[in-house]
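**Q** This is what each chain is made of:
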Amino acid sequence: MPHLIARGIRKSFDRSVVLDDIDLDLPQGAFLALLGPSGCGKTTLLRLIAGLETCDAGQLLFDDRVILSPDRFVPPEDRQLGMVFQSYALWPSMSVRGNVEFALKARRVPGPERRDRVARMLEAVGLTAHADRLPQDLSGGQRQRVALARSLVLRPRILLLDEPLANLDAHLRQQMLVEFRRLHAETGATFILVTHDQDEAMAVASHIAVMEAGRIRQIGTPEALYRRPATPMVARFIGHGATIPVQVIARHGDRCDVVLGGATLNLPGRADPGAGWLCLHPEDLRPATGAGHFDAQVIAQSFRNGRHATLVLPRIAGVDTLSLPMDAPAPAHTPLRIEITGGWVIDRDAGGAAVHPLSGARIHA
Amino acid sequence: MAAELHLFGDRRTGSAERALAVLLCLYLAAITVWPLGQLLVAAFRPGDDGAALGVMRDTLSARATGRAFRNTLVLSLISVGVSVLLGGALALAVGLLRMRWRAALSFLILMPLVIPSQTLALSWIELMGANSAILKPLGLAPPPGRGNPLYSPLGIALVMGIEHMPLVFIAIHAALKSVPADLIEAARLAAIPPRLVLTRVILPLTYPSVLAGGLLAFTAAVGNFGIPALLGIPGRVPMLTTLIYQRLNSFGPSAAGQVAVLALILTLMAVAALALRAVLLRHLRLRVEAGRPHTPTRNAPAWAQALIWAVVLAIAILPLAALVLTSLTPAIGVPFSLQVASLDQYHRVLANPAVLRGFSNSLILSLAAALICALIALPLAYLVARRPSPAIALADLLAEAPWVVPGTVVALAMILAFLPPLPLIGVSLYGSMAIILIAYLARFLPLILRPVVATARGGDPMQDQAARIAGIGLAGRIAHVFAPSVRAATLAGAILIVMSAMNELTLSALLWSSGHETIGVMVFSLQYEGSSTAAAAVSVLSTALLLALCALAELALGPRAAQALPWRG
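Going line by line, the protein sequences match chains W and H.
Everything in the first sequence is counted per this note's numbering, starting at 3 for the first residue and increasing by one.
Everything in the second sequence is counted per this note's numbering, starting at 21 for the first residue and increasing by one.
It cannot be assumed that every hint is accurate.
What the hints assert, rightly or not - Label pairs and their in silico Cβ distance ranges:
1. D27(W) x R302(H): 46 to 54 Å
2. V291(H) x D16(W): 51 to 59 Å
3. R183(W) x R477(H): 32 to 40 Å
4. L315(W) x R477(H): 48 to 56 Å
5. D16(W) x A39(H): 27 to 35 Å
6. Q88(W) x P579(H): 27 to 35 Å
What the hints assert, rightly or not - Reference listing, derived: stretches of chain H covered by chain W, where coverage requires no fewer than 3 residues with Cβ under 8 Å from a Cβ of chain W:
7. 28 to 37
8. 486 to 496
No wet-lab data here; the hints were simulated from the structure.
The beta-carbon is built from N, C-alpha and C at its ideal position, and this holds for glycine as well.
Extracted from the complex, chain W is given alone in its bound form (with noise of 0.2 Å):
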C-alpha cells in the first residue's frame, strides 16, 4: 500500500532548528493538514516532502524507497507529486491550456491523449471558458484553480498545497474548500494542506498535524484533537479552547478526579494525580443552574450563531477569560457562576519535551 512515512526528521538553518524529531505515518488517500501558528515550520516540511529542503538527520520515505535522508535526496522532478504553492506560481507567459499542458508536453504525452487529459481537467476545475486566457486576465480565485489543474493532471500520487487559500477572500475560501474535497475524493491521491487556519484545516482533512516550534505536538482526527488534546498548546489552538490549571487526585481510565477552586469534578482525562491541566471549549461551560463551580464576572458579548458568545473573567487564581455561550444577554460586569459540564484532563508537564500522541499518533486508514 503505498503511502508517505517520515522517522526522525531534523532540520536547522544556521543552527536555528526548524524541523525536529519529525515522525509521520501516512495511508494513501488520506487528507492531512499541518496546521500551527507561523514559523512552526509546517512550510519547511512540506517543501521537503517536495524535495526544494534538505534534512540534516531522519528519513522519508514513499512507499518502501527512501526518497529524502542525510545521503541520499531524490531530486523534486522525480518524486511524481503535485504541489499548489501559496503565490499559485503560474508560468506568466503561457496560457491556462498552456500551463497545464506544459508538463504533459514535456513528458511527451501522445498529442490526442494530452489533448483530452487537459480538456477533462480544465473542465474539472470549471476552466474550459478561460482556456485560452492569459494568467494575468484571471481572478484569485481563478488562478487557484488553474494551480490546481496544473497539479492534477500529471495524476500525481500526492499533492502538496502550501496555505493555497491566504490570498482568497472568506467566500471565496469556502468554495474552494469544497472543491478540495471533491477533488480528494475523485483522484484519490494524498492531499497534504499546510494552513494556519484551524477552521480551515477542521473543514477539509481527515488527520490533522499540530505544530509548534519544529515538532509535531499532536497527529489525529480532527475529533481527537478537539476532545482529546494532547497538550495545552494543541488545546488552546483546536476549536478555541481554553486551558485552566487544576489539580488531579484521582484516575479512573479514561476519567480523573479534579479539584478547581473548592469544587471536586469527575471529568474526562488521562492525567496521573498532581498538577493537571482542564482543557476546556465554549460549550464545556453554562450559566449555574445548580451549585455551579467557579464565580466570573461577564467583560463582553456578542451575538454569534444564534447564541450570545459572552467572554467573562473567571475568579480562579492563573486564569485569564473564558468563552461560554449563553441564552439571554447580559451587560458588562454582571455577576454569574458558572457550571464545568465537559472537558479533557491532561498532566501539567504534558507536550514538554516527549510528545505522547493519542490514539492517533499512527493513522491507520
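Given chain W, put chain H in place with the hints provided.
**A** Structure of chain H alone, referenced to chain W:
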C-alpha cells in the same frame, strides 16, 4: 555536513544544473580569466637581465611612463571637474525647474553617452578648428596658422569632461528624484527662504551622488581612448591608453611586458576609483523615507530656460552640426558655404571598400556579440538567481572584470592570450575577426548579465520550483519558464551591446587587422591619415545609424521595457 564540498551547488542542485555550471565556468575561464591572467603574468615577468620583476621596474622608472601617468591622472581629474560642473548644473536645472520639453532636453543632455568618443572628439575638432564652418563665419575661429586649440592637455580634459558629463547628470538626477516632496514642503511651511531650501535641504542630499557620479566619470576618463587618440596624439600629450597603443604599434609583441605594466597601472586607477565609490555609497548614503517625489510647480523664468537650452545646444548639437557641415565640403581646407556644399564625400566613402567592410564588420560583430552574450547570460543568470553556489557566484563576479577595467587593458589581454597559436589546432586568432569577437564577448557580457540577473532576482522563484515538481527538465525550464520572465531585460541588454559594440574603438584599435576593420577604426585611421572630411562623413553615417538603432530599439521594446535603455536616464 561542513566537510562536503558544495562548489557547484548543494544536494538539491540537479546534475544537469551542475554540468551547466561547469560549462559556464569554463567559458568564462577561457574568455576572461585566462586573458587577464596572461596580462598579470606578463607584467610580473623578469627583465632582460633576468632580475625578478625587472620589466615592472624598468617600465615604472621610464620617464615616458611617469609623464603618461601624470597626464592621465591630472587630465582625468580636470575632466571630472568639467563633468561635475556641467552635469550638476544641468541636473539641478532639469530636476528643479519646470520647463517645456523636458524629455527632449534630457535626451540631448544624454547624447554624449550615445555618441562614440571618437566621433565626439572629431566633431569638437571640426567645431574649434581654423576652418570651422560655424565659428569662422562668426569670426571666432582661431587664425589659420595657430593650429587647433583642442590639441592640448586642456582640450583633452574639456572634451572628456563633456563626454562623461551624463554620468554625473544621471547620478544627481536620480538623487533629486528621490527627494520627497514632504521634505521641501516642510521647509516651505517653516518659512525657510527658497535659497536656503536649496542649499541646506536639497543639495546635501545630492552630495553622495555627486561623488559617486564623479568617480564613475573618473574611471571612464582614465580608460578613454578615442579622445586622447584623436586630440592627444597630434597634440603630443601622451596618456596611458595612447602610450599602450603607440608602443604596441611601433614595437609589436616585444613590448608586451612593458605595456602590461602600463595596463596594470590603468587598471589600478580605475578599480581604486570604483572601490572608493562603493565605499562612499555605503557610508555616505543618507536614509530618506520614500515619498511622493517633488514636482516643480513654478515655471522657470524665460532667461533661465534660454540659458539652459543654449548650453545644451552648444554641447550636444553645435559640434555635430560642425561635423555635418565639414562632411559636406568637397575637400580639406575649403571653407563651407552653400555654393560648395555637396555629397561628394559620402559618394567617395561609400565607394571605399574598407569603409564598407568596416560597416559590415561592425554590424556582424555587434549582432554576433549580442546574440552570444544573450545565450550565455540567460543560463548564467538562471544559475546565479535560482541555483546559487560558490563557483557560480565567483563566475558572476569575474564576468564583471572586463567591463570594470579599461577597454585598452582588455584588448591587450586578448593579444597576450590569443597571439600564440591555440593549443591543439595550432592557429593564432590574432589577425582574424575572432579575436575582436572574443574581446567583445568578454567586455560586453555584463551589459546584459546585470539587468537579467537583477530581473531574475526580483522574480518569483516558485515558478521554477513548480516546473521542477511538474517534472520539467532544465532546458525546458530555462527556455519556457525562465527566459520569458526576463525577456524585456534580455532584449534591452542585447540592444545595449549592439550599440556599444558598434560605437567602440578602444578594443578594435588594438585588435583589428587588414580586412577586419570596424567603424571606429575607419574613423580613426581616416582622420589619422589627414582625410578629415572623409572621417567626418563616416562619423555622420555611423551616428545616423546609431540614432536609427535607438529609434528601432524604442519601437522593438515598447514604452515600458524601453525604460531600461541608457539614454532614458
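**Q** It remains to establish, for every hint, whether it holds in the given structure.
**A** Verification of the hints:
1. D27(W) x R302(H): 46 to 54 Å: holds, 52 Å
2. V291(H) x D16(W): 51 to 59 Å: violated, 33 Å
3. R183(W) x R477(H): 32 to 40 Å: This hint holds: roughly 39 Å between Cβ atoms.
4. L315(W) x R477(H): 48 to 56 Å: holds, 52 Å
5. D16(W) x A39(H): 27 to 35 Å: holds, 29 Å
6. Q88(W) x P579(H): 27 to 35 Å: holds, 32 Å
7. 28 to 37: That given contact holds, which follows from 4 residues of the segment 28 to 37 of chain H lying within Cβ reach (below 8 Å) of chain W.
8. 486 to 496: With 9 residues closer than 8 Å to chain W, the segment 486 to 496 of chain H meets the three-residue bar; holds.
Checked against the numbered hints given earlier, the structure breaks only hint 2 and satisfies all the rest.
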